[in-house]
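Peer 1: Chain order of the listed sequences is A and B. Counting with the numbering used here, you get residues 183 to 490 for the letters of the first sequence. Counting with the numbering used here, you get residues 151 to 413 for the letters of the second sequence.
Since the hints were made in silico from the structure, they are not lab data. Check before you lean on any hint, since a few could be wrong.
[Stated by the list, open to error] Okay, derived cross-link-like pairs now, PhoX-like style, lysine-lysine, Cα gap no bigger than 20 Å in a straight line:
1. B/K229 with B/K413
2. A/K321 with B/K225
3. A/K316 with A/K300
4. B/K413 with B/K225
5. B/K168 with A/K321
6. B/K363 with B/K413
7. A/K324 with B/K229
8. A/K321 with B/K229
9. B/K413 with B/K197
10. A/K398 with A/K489
11. B/K413 with A/K398
12. A/K202 with B/K413
[Unchecked claim] Only part of the chain B face toward chain A is listed, based on derived beta-carbon distances under 7 Å:
13. K152
14. T155
15. N159
16. K229
17. A237
18. P239
19. H241
20. W243
21. L405
22. S408
23. D411
24. F412
[Stated by the list, open to error] Now the in silico label distances, taken between C-beta atoms and shown as ranges:
25. A/D194 with B/S360: 46 to 54 Å
26. A/A184 with B/L348: 39 to 47 Å
27. B/M151 with A/R243: 26 to 34 Å
28. A/D194 with B/T389: 42 to 50 Å
29. A/R243 with B/S360: 39 to 47 Å
30. A/S248 with B/H241: 19 to 27 Å
31. A/A184 with B/R409: 27 to 35 Å
32. B/K229 with A/R453: 56 to 64 Å
33. B/G401 with A/K324: 32 to 40 Å
From the three backbone atoms N, C-alpha and C, an ideal C-beta is built for every residue, glycine too.
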Amino acid sequence: MAAIEIEHLTKDFYAGFWRKRPIRALDGLSLRVEAGEIFGFLGPNGAGKTTTLKLLMNLIRPTAGSARILGQPVDSVSMRRNIGYLPENPYFYDHLTPEELLTYIGTLFGIRQPVLRKKILELLETVGLAEARKLQLRKFSKGMVQRVGIAQALINDPEVVFLDEPMSGLDPLGRREVRLVISSLRTRGATVFFSSHILPDVEALCDRVAIMNRGKLLELGALLDILKVKIQGHEIILAHVQPAVLEALRPMCEEITLMSDRVHIRAATSRQAGAIVSQAVSGGAELVSVNPIRASLEEYFFQEVQKS
Amino acid sequence: MKILTIGRNTFRENIRDKILYNLILFALLMILSSIALGQLTLGHEAKVIVDLGLGSISIFGTLIAIFIGISLVYKELEKRTVYALLAKPIHRWEFITGKYLGLLFTLLVNVAIMAAGLMLTLLYQGGIERYTYLNLLPAIYLTLLSLMVTTALALVFSTFSTPALSALFTFFLWVAGHFNADLLEFGNLAKTPGLKWLTRVFYYVIPNISNFKVIDSRNVIQAAAYFEPINYAALGWVTVYGILYSGILLGIAVLIFSRRDFK
Chain A
183 MAAIEIEHLT KDFYAGFWRK RPIRALDGLS LRVEAGEIFG FLGPNGAGKT TTLKLLMNLI
243 RPTAGSARIL GQPVDSVSMR RNIGYLPENP YFYDHLTPEE LLTYIGTLFG IRQPVLRKKI
303 LELLETVGLA EARKLQLRKF SKGMVQRVGI AQALINDPEV VFLDEPMSGL DPLGRREVRL
363 VISSLRTRGA TVFFSSHILP DVEALCDRVA IMNRGKLLEL GALLDILKVK IQGHEIILAH
423 VQPAVLEALR PMCEEITLMS DRVHIRAATS RQAGAIVSQA VSGGAELVSV NPIRASLEEY
483 FFQEVQKS
Chain B
151 MKILTIGRNT FRENIRDKIL YNLILFALLM ILSSIALGQL TLGHEAKVIV DLGLGSISIF
211 GTLIAIFIGI SLVYKELEKR TVYALLAKPI HRWEFITGKY LGLLFTLLVN VAIMAAGLML
271 TLLYQGGIER YTYLNLLPAI YLTLLSLMVT TALALVFSTF STPALSALFT FFLWVAGHFN
331 ADLLEFGNLA KTPGLKWLTR VFYYVIPNIS NFKVIDSRNV IQAAAYFEPI NYAALGWVTV
391 YGILYSGILL GIAVLIFSRR DFK
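Whole structure, please, built from the sequences with the hints as guidance.
Peer 2: Right, here's the structure in full:
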């Protein structure tokens with residue numbers, strides 16, 4: 183069974199004072215996320231990521247289309263027992279301490295006291311807030327509130343977790359911790375659907391990604407597949423290359439850069455890279471390394487968004 | 151169960167709000183000052199204390215109901231606390247009802263504190279029979295009923311309007327609710343059937359706050375010459391009216407809130 187099914191989901195917002203004009207925030211989005219997947223939902227600001235998440239959480243109603251989570255429609259209250267949600271730039275009751283907030287939310291899930299208490303301590307430990315558990319949230323920094331947000335999304339051991347920009351507001355250490363939390367969710371078999379524009383995190387975590395721009399789905403697929411298409415050649419590093427050998431190699435190379443005692447060569451295809459390496463090595467050069475030049479998700483993302 | 155959890159959190163939110171303590175302090179000061187005012191009258195000290203005390207409880211209770219009621223839902227939307235909460239397994243009607251009950255409980259506690267203040271003031275003044283204390287209870291109960299209606303009004307406005315406008319609307323209707331009977335009388339005197347019909351519609355739509363003011367010192371101080379016994383039948387009808395009216399308002403608030411998009 184798919185964890186999340188989205189079909190032709192469309193949302194218009196209305197702007198203007200006298201004559202209300204519709205603005206399409208999301209345009210016919212269809213996708214499926216399988217159980218156990220870590221799914222990255224990418225796009226620049228205004229791409230429709232938060233709109234999609236709010237539609238999935240039934241905070242806003244679609245103009246057209248439908249969505250199902252764990253096989254149930256998004257307005258099902260019983261389904262929400264099995265999901266977790268971290269809103270974008272979350273904010274919680276600042277008169278509460280993390281412990282009180284989590285107790286409140288845990289009680290809404292019907293979790294009984296001794297179990298809940300243990301779970302709260304465990305979660306606060308995981309998100310690094312064990313020390314601050316008796317402090318009112320009004321005294322918290324943005325990063326700390328974000329951590330509380332992650333803890334409250336996981337209080338019910340959800341099967342599907344929706345995280346809207348989970349890394350925002352976090353320092354590098356915090357981002358690493360959240361990455362670990364998401365990895366541990368994968369180990370537990372949970373499905374994670376998270377939106378982000380911090381691409382290295384997505385690269386490190388996701389099985390599949392959807393790339394959105396201006397409310398439309400640009401690309402959907404396994405991260406490796408999307409990036410493989412974009413291998414931009416190979417970089418070969420050689421040492422002790424004789425000038426005569428270098429001259430012989432020149433026609434086969436895309437680009438040659440001479441460093442003090444090394445030569446950096448760029449080859450267009452892997453076949454060419456092989457030929458260059460064998461000729462150089464037989465000419466007495468030493469092979470230091472060969473690496474495929476992959477477009478990082480960031481470059482890919484930039485190109486795609488520019489194209490559209 | 152979930153409603154109670156939400157209510158409990160709302161109560162906790164309210165009691166950690168400073169505005170509440172300021173209002174209670176003022177109310178208690180006002181009740182205490184009735185001792186001084188009572189001494190200006192000859193032999194009517196208790197009457198002044200009872201009337202001023204009940205008036206203070208009603209006015210400060212209403213202020214608390216309006217000030218906290220108008221931001222009850224608005225604050226959740228403005229601060230976006232509602233997003234994480236509504237994604238939990240709760241219905242939107244449970245959320246609204248929980249918030250409403252939470253504020254009602256806050257009011258109950260506050261009114262109890264103010265009532266205790268009034269009784270202590272009476273005790274300090276002395277010279278009244280213990281029935282007076284018992285007779286105060288129905289009056290305080292009616293104040294609570296009227297606060298139930300006022301809170302429901304503020305809640306309805308809070309689901310779609312800003313606090314400033316909600317306060318204005320609620321206060322306007324609360325004032326209009328005191329002159330409801332006059333409005334009906336005016337309609338009856340009018341010759342045009344259209345106007346008569348209009349005043350009748352307004353009479354039923356506007357909350358009849360004056361209904362809840364049927365008990366004052368005349369019904370409380372049994373020893374006084376002007377004593378009139380409390381009309382318990384009227385008390386029953388007002389109870390039915392208060393519950394029905396608040397229930398309808400709560401229904402409207404739920405309806406508006408359930409249809410809202412949280413952008």
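Peer 1: Would you mind marking each hint as holding or not holding in the structure?
Peer 2: Hint check:
no., hint, result
1, B/K229 with B/K413, "12 Å, holds"
2, A/K321 with B/K225, "19 Å, holds"
3, A/K316 with A/K300, "15 Å, holds"
4, B/K413 with B/K225, "15 Å, holds"
5, B/K168 with A/K321, "17 Å, holds"
6, B/K363 with B/K413, "42 Å, violated"
7, A/K324 with B/K229, "14 Å, holds"
8, A/K321 with B/K229, "16 Å, holds"
9, B/K413 with B/K197, "54 Å, violated"
10, A/K398 with A/K489, "13 Å, holds"
11, B/K413 with A/K398, "19 Å, holds"
12, A/K202 with B/K413, "16 Å, holds"
13, K152, "6 Å, holds"
14, T155, "5 Å, holds"
15, N159, "5 Å, holds"
16, K229, "5 Å, holds"
17, A237, "4 Å, holds"
18, P239, "4 Å, holds"
19, H241, "6 Å, holds"
20, W243, "11 Å, violated"
21, L405, "15 Å, violated"
22, S408, "10 Å, violated"
23, D411, "4 Å, holds"
24, F412, "4 Å, holds"
25, A/D194 with B/S360: 46 to 54 Å, "47 Å, holds"
26, A/A184 with B/L348: 39 to 47 Å, "58 Å, violated"
27, B/M151 with A/R243: 26 to 34 Å, "27 Å, holds"
28, A/D194 with B/T389: 42 to 50 Å, "47 Å, holds"
29, A/R243 with B/S360: 39 to 47 Å, "41 Å, holds"
30, A/S248 with B/H241: 19 to 27 Å, "20 Å, holds"
31, A/A184 with B/R409: 27 to 35 Å, "29 Å, holds"
32, B/K229 with A/R453: 56 to 64 Å, "60 Å, holds"
33, B/G401 with A/K324: 32 to 40 Å, "39 Å, holds"
The earlier numbered hints that this structure contradicts are 6, 9, 20, 21, 22, 26.
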